[in-house]
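J.: What follows is each chain in one-letter form.
Number of protein chains: 2
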Amino acid sequence: MTKEDLFEQIQKKQSFLCIGLDTDLKKIPPHLLRSNDPIFEFNKQIIDATHDLCVAYKPNIAFYESMGASGWNSLKRTLEYIPKEIFTIADAKRGDIGNTSKMYAKTFFETYNFDSVTVVPYMGSDSVKPFLDFEGKWAIVLALTSNQGGIDFQLLKDKENEMLYQKVLKKVQTYGPNIMFVVGATRAEYFKEIRKIAPDNFFLVPGVGKQGGSLEEVAEYGMNSYCGLLVNSSRGIIYASSSQDFAKAARQKSLELKNKMSQMLKNVSII
Amino acid sequence: MTKEDLFEQIQKKQSFLCIGLDTDLKKIPPHLLRSNDPIFEFNKQIIDATHDLCVAYKPNIAFYESMGASGWNSLKRTLEYIPKEIFTIADAKRGDIGNTSKMYAKTFFETYNFDSVTVVPYMGSDSVKPFLDFEGKWAIVLALTSNQGGIDFQLLKDKENEMLYQKVLKKVQTYGPNIMFVVGATRAEYFKEIRKIAPDNFFLVPGVGKQGGSLEEVAEYGMNSYCGLLVNSSRGIIYASSSQDFAKAARQKSLELKNKMSQMLKNVSII
Chain X
1 MTKEDLFEQI
11 QKKQSFLCIG
21 LDTDLKKIPP
31 HLLRSNDPIF
41 EFNKQIIDAT
51 HDLCVAYKPN
61 IAFYESMGAS
71 GWNSLKRTLE
81 YIPKEIFTIA
91 DAKRGDIGNT
101 SKMYAKTFFE
111 TYNFDSVTVV
121 PYMGSDSVKP
131 FLDFEGKWAI
141 VLALTSNQGG
151 IDFQLLKDKE
161 NEMLYQKVLK
171 KVQTYGPNIM
181 FVVGATRAEY
191 FKEIRKIAPD
201 NFFLVPGVGK
211 QGGSLEEVAE
221 YGMNSYCGLL
231 VNSSRGIIYA
241 SSSQDFAKAA
251 RQKSLELKNK
261 MSQMLKNVSI
271 I
Chain V
1 MTKEDLFEQI
11 QKKQSFLCIG
21 LDTDLKKIPP
31 HLLRSNDPIF
41 EFNKQIIDAT
51 HDLCVAYKPN
61 IAFYESMGAS
71 GWNSLKRTLE
81 YIPKEIFTIA
91 DAKRGDIGNT
101 SKMYAKTFFE
111 TYNFDSVTVV
121 PYMGSDSVKP
131 FLDFEGKWAI
141 VLALTSNQGG
151 IDFQLLKDKE
161 NEMLYQKVLK
171 KVQTYGPNIM
181 FVVGATRAEY
191 FKEIRKIAPD
201 NFFLVPGVGK
211 QGGSLEEVAE
221 YGMNSYCGLL
231 VNSSRGIIYA
241 SSSQDFAKAA
251 RQKSLELKNK
261 MSQMLKNVSI
271 I
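Residue numbers (my numbering), protein chains in the order written: chain X, 1 to 271; chain V, 1 to 271.
Some clues are possibly wrong.
Since the list gives no way to pick one copy over another, a pair counts as held whenever it fits inside one copy or between any two copies.
[What the hints assert, rightly or not] Listed below are the simulated DSSO-like cross-link pairs for lysine-lysine, each with C-alpha atoms no more than 30 Å apart in a straight line:
{"#": "1", "residue 1": "LYS3", "residue 2": "LYS171"}
{"#": "2", "residue 1": "LYS159", "residue 2": "LYS266"}
{"#": "3", "residue 1": "LYS106", "residue 2": "LYS196"}
{"#": "4", "residue 1": "LYS84", "residue 2": "LYS106"}
{"#": "5", "residue 1": "LYS260", "residue 2": "LYS159"}
In short, the hints are calculated from the structure, not lab data.
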C-alpha cells in the first residue's frame, strides 16, 4: 500500500484509528470457546463491527505465537478476512542480522501478506533494510515506545545532548523510503520535537486508552499534512465488553474515537 | 537449567559449542525434501551427529516462522528431540511491553520448553523482566551484536564516554538474575572491557565462522571461571556439506571446534 492510498482511506473514513487485535483466549467472551477457531471467530466479529471506522488493524503477534501452530493458522485466516483497503500491521517487533531479517520479512510480507511489520532498530541498518526490499510494504521502526521501560535506553543522551530515540529517527530515515515510526502516546510532550525530526513519516501511536496517552495532544503535535498518524487502541476496544455484546461494545468504543478523530481532521482542514 | 548444570556440561563435554539450527528448506540436501517433515529430519540427523560435542542448540526462530504453522510444528518436534541435558536457546530476539513480553516468554518457555530466549533491550526493563519470572529459564539480552549495523546505535557514546552496549550490560544486570548477554565474536577487541562490566554472566557469542570472528580471541578475553561462553556456529556446521554426507560433515566441523575449545579449557585449568 502507498502512502497516498493510506491517506485516501483516512480522508474517506474520517479516521486514523488502528485497532489492535491482541486476541487472548483468556479474555474473549466464553461463548466463543465453543467454536472451532475461537480466535478467528472473535477477530471476525470485531472486524465486521469496526471495519468502516478504522484504517488499520494490528494483530500483536505474541498472542498468536503463544498458541503454537494453531495460533498462526488463526492469524492467517484473520489476515485473509481483513478488507483489502485496510492497512495491516504485524506488530512483531522483529530484527536480526541481514539474512535472518530477510526471513522475517518474507514471513510477514509473503506468507501472511501484511502491509507492514514493526521492527526494532537496536541491530542497525542491515537488520532493518531487508524489510524495505518489498514493494508497497512498510517497516514501522520503534523510536520512542509507550511503556515504562522505554526510558531506560531510549532517552539516553549523547555528547550533543541528543537522545537515542532522536538518533534512531534520524539514522533510520537514511535506510530508505517506506519507513514509519512507533511513537508512544504516553510521551505526548515529545511529539513536537519528533515531528521536526521526521516531518514526513507516518507514526504508529500506541498507548492511547489503557496506557493513559492523550489523543488530543498526540493529534495537536503529531499531525502533518497527510495526517501522518495511526493511533492504536487494542484492549480499550476489543475488550470493551466480555459478554455476547462484545462486538457491539467494540464498535461503540471505536465510534467514539473515530468521531474525535474526524473532528481533529476537520480542525486542520484535512477533510 | 542452572548455571551450575551448564558448567557441568561444559566440563563433561570439554566444549562450549552452541550449534545454530538455522534450518532452511532451500539449503538442506535435496534428498531430504522427500520426507514428511524435511526440517525436522535435517535437525534430527544434525543432532544425532553432534549432541556429544556441543552443550547448546540454538534454532533461529525466523527460519521456522517463515514456513507458517508447519515450521512451528517442526520446531516443536526438534525441541522434543534434543537431549534434556543440552541447553536450548530460542534465538527469537523478542521484546515488547510487559503483558506482551509475558506472552512471548510463555511461548518459548512453556509451549516449546526452551531453556532460554534471546531478548532485545531497546524497550527496557518491563520488556525484559517477564522473561525472568520462569524458574531455571534464561533471558539472553542483546548487548553488542556481530552484524555490521551493530555499530549504528550500540556504539553511541554518552557524555561520560560510555557506549550504549555498555549501558545495556550494566542496566540489564539490575533487572534480575538468570541473564546472559549476546556479544558478537566479530567485536573481539571489546571482550576484555565487556568481561569487566559483566564478570559473572554467560555470553552467547555468534559470529565465529562465516561472519569472521576469532574463537581464540573470544576465549582469551571472554572466559571466566565458569567458562562463561557459549560460542555459536550455524551455517559453518550445518551446511558444511550439501550432500548425503551433511551430518558427517557437520560432525567433522563440530569436532574441530570442540577440540580447539577443549584445549582452551585445559589452558585455563577449567578441565
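J.: Next step is simple, just say for each hint if it's right about the structure.
T.: Comparing the hints with the structure gives:
1. LYS3 x LYS171: within (21 Å within a copy, 39 Å between copies)
2. LYS159 x LYS266: neither (42 Å within a copy, 44 Å between copies)
3. LYS106 x LYS196: Neither way: LYS106 and LYS196 sit 33 Å apart in one copy and 40 Å across, limit 30 Å.
4. LYS84 x LYS106: Within one copy only: 19 Å inside, 32 Å across.
5. LYS260 x LYS159: Classified as neither: same-chain Cα gap 41 Å, cross-chain 43 Å, threshold 30 Å.
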